[in-house]
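Listed in order, the protein sequences are those of chains A and B.
The opening residue of the first sequence carries number 0 in numbering that gives the first Met the number 0; numbering runs sequentially from there.
The opening residue of the second sequence carries number 0 in numbering that gives the first Met the number 0; numbering runs sequentially from there.
By construction, these hints were calculated from the structure, which means they are not laboratory data.
Be aware that a few hints might be false.
The list makes no distinction among identical chains, and a pair is therefore deemed to hold if it is satisfied within one copy or across any two copies.
Within a straight-line C-alpha distance of at most 30 Å, the following computed DSS-like cross-link-like pairs (lysine-lysine) qualify [to be verified]:
| hint | residue 1 | residue 2 |
| --- | --- | --- |
| 1 | K8 | K107 |
| 2 | K208 | K13 |
| 3 | K462 | K8 |
| 4 | K462 | K214 |
Protein chains: 2
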Amino acid sequence: MVFENPLVKEILEKYRVLWAIEHAMSLMSWDSETYMPREGYRDRAVARAELSLLQQQLLLRPEFVELVEKADKYEDLNDYERGVVRVLKRSIRIARALPPWLVAERAKVTQEAMVVWREARVRNDFDLFKPYLEKIFDLSRKTADFLGWDKHPYDALLDLYEEGLKTEDVDRILGVLKTNLKQIIDGVLSKGMYPREHPLEKIPYETGKMEAVNKKILEILNYPIGVRSRLDTSAHPFTIDMGINDVRITTRYEGVDFKRTMFSVIHEFGHALYQLQIDPALSYTPIGGGVSLGVHEGQSRFWENIIGRSREFVEFVYPILRENLDFIKDYTPSDIYYYFNTVKPSFIRVDADEVTYNMHILLRTELEKLAITGEIKVSDLPEFWNDYMEKLLGIRPRTYGEGVLQDIHWSMGSVGYFPTYTLGNMVAASMRYAMEKEIKLRERVASGEFETIQNWQKDRIHKYGATYPPKELLRKAIGVDYEPEHLIRYLAEKYLK
Amino acid sequence: MVFENPLVKEILEKYRVLWAIEHAMSLMSWDSETYMPREGYRDRAVARAELSLLQQQLLLRPEFVELVEKADKYEDLNDYERGVVRVLKRSIRIARALPPWLVAERAKVTQEAMVVWREARVRNDFDLFKPYLEKIFDLSRKTADFLGWDKHPYDALLDLYEEGLKTEDVDRILGVLKTNLKQIIDGVLSKGMYPREHPLEKIPYETGKMEAVNKKILEILNYPIGVRSRLDTSAHPFTIDMGINDVRITTRYEGVDFKRTMFSVIHEFGHALYQLQIDPALSYTPIGGGVSLGVHEGQSRFWENIIGRSREFVEFVYPILRENLDFIKDYTPSDIYYYFNTVKPSFIRVDADEVTYNMHILLRTELEKLAITGEIKVSDLPEFWNDYMEKLLGIRPRTYGEGVLQDIHWSMGSVGYFPTYTLGNMVAASMRYAMEKEIKLRERVASGEFETIQNWQKDRIHKYGATYPPKELLRKAIGVDYEPEHLIRYLAEKYLK
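Please put together the full structure from these sequences, using the hints given.
Structure below.
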């Protein structure tokens, strides 16, 4: 038995209703992005607000908090039990720290801000969004202060998205990456082996055929569509789960440049796999999900980049592409490999290749740190963004949409979120080298033995859910936690040799 | 303002979280029947159990119950406020009366029973289902006793599905119907004007084309697909709502006999329309839904039978059918009318025509009454069923699937539910005659002015939600409550003239 301590068992009994609300809220989110009729958002917003509040109230029931505090004093808890207590203590601490007015204000501001942001981006009008962004950075600073911080207010925000992550960690990581990536980018661009653009980027496809490709690839990757999972269409690709037996991913079909939808599917598959491989014994508990955004992104980036953009994977999917997309006949597997791996400094983060991607994160992180302390004013952000972009990648945005208005995150109040993308890229690379010591990764991919790779992930990382804190889990699983050297080595080996 | 009394306003504030849980549970039900991956039912069952329990607890919070009791003593409440108090008092009374062990036992038994019932029906094995059915009638009897009853234990069960309905009402109604229907059935069968079968029943269709027909019909009926509603596919057609801005119906495509899917869509549309036309001011309150199953079924039967199976409607939809279904070219509108209105004593309730339909309800009601008092044993039900069927419709089931095992209701623990179908048929007919005094119904249908009909329904019935008890609402709206004479008159006029 995974859970034996009677106190922890009592906690889990009482916790299950919180899990159930989470289950319902996840389904509501999925539905909002996929099938909900347009005007349904009105009722959905009311339901979401009520259930969030209820969740908070149930988490902070005095008798529940007391149980958790009591269990925390036990010394002979096993790892799973300790995990339960750790995660609940963290949730309780955060829920207690933030006053209801702040939570309500944040919900109100972000709900409006998301609408205004879309409008502002379309109209290329930063001033429209500015008052909301000011409010959001102001509320984020207040959030940091209520949560408490020691060296930098940004610490408190980082921790919301990645348990235990500090500004100094992020600074060190991004510092190392900055110097090394600059060299790699210069190298790959001057060598010219990897193209900046590819004719396939302009070729249109039929949605139905591309859907067939995506489903076939998912099938090969052992994604259990219809049994324990789904693939649907939404404006922005995402993964969501309602438990380990119901994990859903989405993609979008833009009608051109097929790698965009294909890699979004492989990326989301990586997230989904994490959830699908968690130990069923952890179901309905606070540790029955992925441990952090960084570790989660590590799984998705691993499948998207390390596996998906490799020569071996191209060979493997080539017949599927050939069978479903007429225009593939004019291209060799090697052509496809270079199409999958174009490298070009570009404005839009979500379109960035794996070499330049982390520069986008560097920019946002610097900017968030300065905005949160007030060292830089919101009105100066666009200029700061453009200058920094020019410095990092040698290109200067011509519109706000190419610059400061491109991401949805701030409009949602997510300040401190971006660094987790870089954590993910590092984890993916580190995982690769750790895995290669034990299984011949390239050969497995070439022969389509994806299950071996997935079992490795399951046994080392996935099955534990949130049992261990992120860094501890990573050190146990792959020997290091968040370290940039493997990512640098991987990119140098792939793009400079 | 609809709600002015401060006490009622406080009640509604506190009620909103109950509405939110209901919203989530409705979405969970919809998803379970439409898109949920197969194994997802495990997590869904746990979530459903937890949320049901939570709902119960929140409803019975002492401070909430106290508020409702206090408001109940006010004399100057307006109709809406009185409605809120009435509906909540009723919910509280039922929730309080049933001990948790009974609720849990019932949930457990029915969950298994639904699986076993499917198996038993397929295998034509009544003995397999018998112990579950015994348990279910036993639990139903206990439920009746806990709820309390005066003249007949069946009263308590009827009230669960139709507020205030008594066994003596049902007996009187079915008594009148029995004699009259017998005559009408004999008349229509001997006249032979309405066929027993029709060649179109054997003609296959393409699902995609039939989907187009259904959507086109819904469009003509002003059903706001994508805006405030949806049409999806499920094993059994149903209607569900997540509020007045998100109402969803489903149908199924069997590939043959297109009227089956078409009329299921029109039927569910009738249910959906009720919800779509409730006064938005009643949103998130206990009176923001249809008042009862009987009134609801009245709306669906009205659209399915009174409108949908009329000559005028056939003329109106004929071009849509002609345009999408190749085989229609061989049939005139008059042929289609008779195809829509075949009359034949048959075994399966859900396939029954509008003339014989209520005989099926008569049978089940008699049987439920006797089983609940123990006057008949569960082991004798199949024989009783077959004998009674022969008496009512002159046909004798050859399998349990054609007889006692055909309906899902008992396996779900729904005893006392069936009579509401007949209530619906009566309401539909009474609504028709009430409407005809004010608007020329046939002409409206012939010219496709469905909005006039819908506005009539909205102003008389729909907009009030559950403000008035069912009988009071019906008397205000259509002059009578549940009376069989209009139904008899309608059937006689249509089938014997």
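Here is how each hint holds up against the structure:
1. K8 x K107: For K8 and K107, only the inter-copy Cα distance (22 Å) is at most 30 Å; the intra-copy one is 37 Å.
2. K208 x K13: neither (48 Å within a copy, 51 Å between copies)
3. K462 x K8: within (20 Å within a copy, 49 Å between copies)
4. K462 x K214: within (25 Å within a copy, 46 Å between copies)
Checked against the numbered hints given earlier, the structure breaks only hint 2 and satisfies all the rest.
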